[in-house]
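Chemist: Top line first, the protein sequences correspond to chains A and C. Converting from the first sequence to this note's numbering requires adding 10 to each position, the first position being numbered 1. Converting from the second sequence to this note's numbering requires adding 46 to each position, the first position being numbered 1.
Simulated from the structure, these hints should not be mistaken for laboratory data. Just so you know, not all the hints are guaranteed correct.
Rough simulated footprint, nothing fancy, chain A against chain C, three-plus residues with beta-carbon under 8 Å [said to hold, decoys possible]:
1. 100-106
2. 111-117
3. 121-130
To list a few chain A residues with every Cβ distance to chain C over 10 Å, as calculated [as the list claims (entries may be wrong)]:
4. Gly96
5. Ser141
6. Ala194
Please read these numbers as outputs of a predicted model, since none were measured by experiment. Just so you know, even glycine gets a beta-carbon here, dropped at the ideal spot from N, CA and C.
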Amino acid sequence: MMLDRLFAPTPDGQSRPALHGAARIGIGGPVGSGKTALIEQLLPMLQARGISVAVITNDLVTAEDAERLRRSGIIDPARVLAVEAGACPHTVIREDPTLNLLAADELDERFPDVELVIIESGGDNLASTFSLDLVDWWIFVIDVAGGGDIPRKRGPGVLQCDLLVVNKIDLAPHVGVDLAQMLAEAEAVRDGRPIIGTNCRSGFHIDAVAEAIARAVLVER
Amino acid sequence: MTGHLHHHHHHAEHAHSHDGGAGHAITVTTIIGSRIDPMLSRWLHDIQHHGQVETISLETRDMARRRLRAITDHGTECMIALPRTECLYDGAVLLMEDRRAIVVRVSQENWLRLRPVTAADALSLGYAAGNLHWRVRFTGGDLEIALEEPADTYLARIADLIERGRVVVVTPKARAA
């Protein structure tokens, strides 16, 4: 079997080989931190780069986030699947991601051109993390209004994610948060791994997030 | 050079150098095989003498990724994009050329080994480890925790059990104090 694989003919003459299936990334974070807003900002930006995207949303007992995206007009509604996570949103992205794996496989099958599947977790707490069996790379979204002390609490989500997005940076002066200190503390607990401060309402720094995604999971243009 | 080596031109198909030159990014879309496979191990041995075998060191947690960038110990950037059905492993050969090969190595994993004194203590420790989603294995009556953060971070979560002598730190000893 190994020989078959070794000497299989080259599928085409491209200098860059076609990659198998779509890359899968996760976006997790507490309720209200801006996960769906981030996706709403990212979609047009990724599409503008010519990257074909599909989305899986995880809600507790509804398809609220999926409906929001389907109605947004920024993505073909058929490319948005909803997984109902039940009472434990972290379980379906970590301990038993079967439902999400099946949904991602379904998207691969229905839309062979899809290069990137974004899996949005249900809003959870700071302990929520993605299994790397489900996604290749993941983002954790926290927000300034949730409290400047969030990084100091060393939640596994904040510590282990590949990219930490600190959203709603425009609100810092209104909620008494020292943004510079919050970002410095986040950097310290993450040993210098990447952090991006965003404003998902205005679109500030979303380009940097899109760039980080494209680079990390090899869908660069 | 012996006859079998000319096959290398064929397997280079699976890992594409973007411009064919050394030191540039390589895209890997499948694992060629294991370095302990008899044929591959012979080839690797030859390359070691006539070229270079480069190593990518990955931590255990990163082995589950299907898409990632990694740099070999010789500075070659690898863009790895595997099908969902394939998974990296220690000794996976990602590239085989006439004078160059790339092999994956898993970085040494460190374990925190804890010994509960009684069955009741073992229950408490097991509950804590499960509740905190630690990755563990069992060695005899001991519980070992895969260290993804410094050992002190884990010990701080069970400080009560440690301080009361209900659980003893077996290794690493230096952390026991």
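Chemist: Taking the hints in turn, state whether each one holds.
Modeler: For each hint, the structure was consulted:
no. : hint    : result
1   : 100-106 : violated (count 0)
2   : 111-117 : holds (count 5)
3   : 121-130 : holds (count 5)
4   : Gly96   : holds (18 Å)
5   : Ser141  : violated (8 Å)
6   : Ala194  : holds (20 Å)
Comparing the model with each earlier hint shows violations of hints 1, 5; every other hint is respected.
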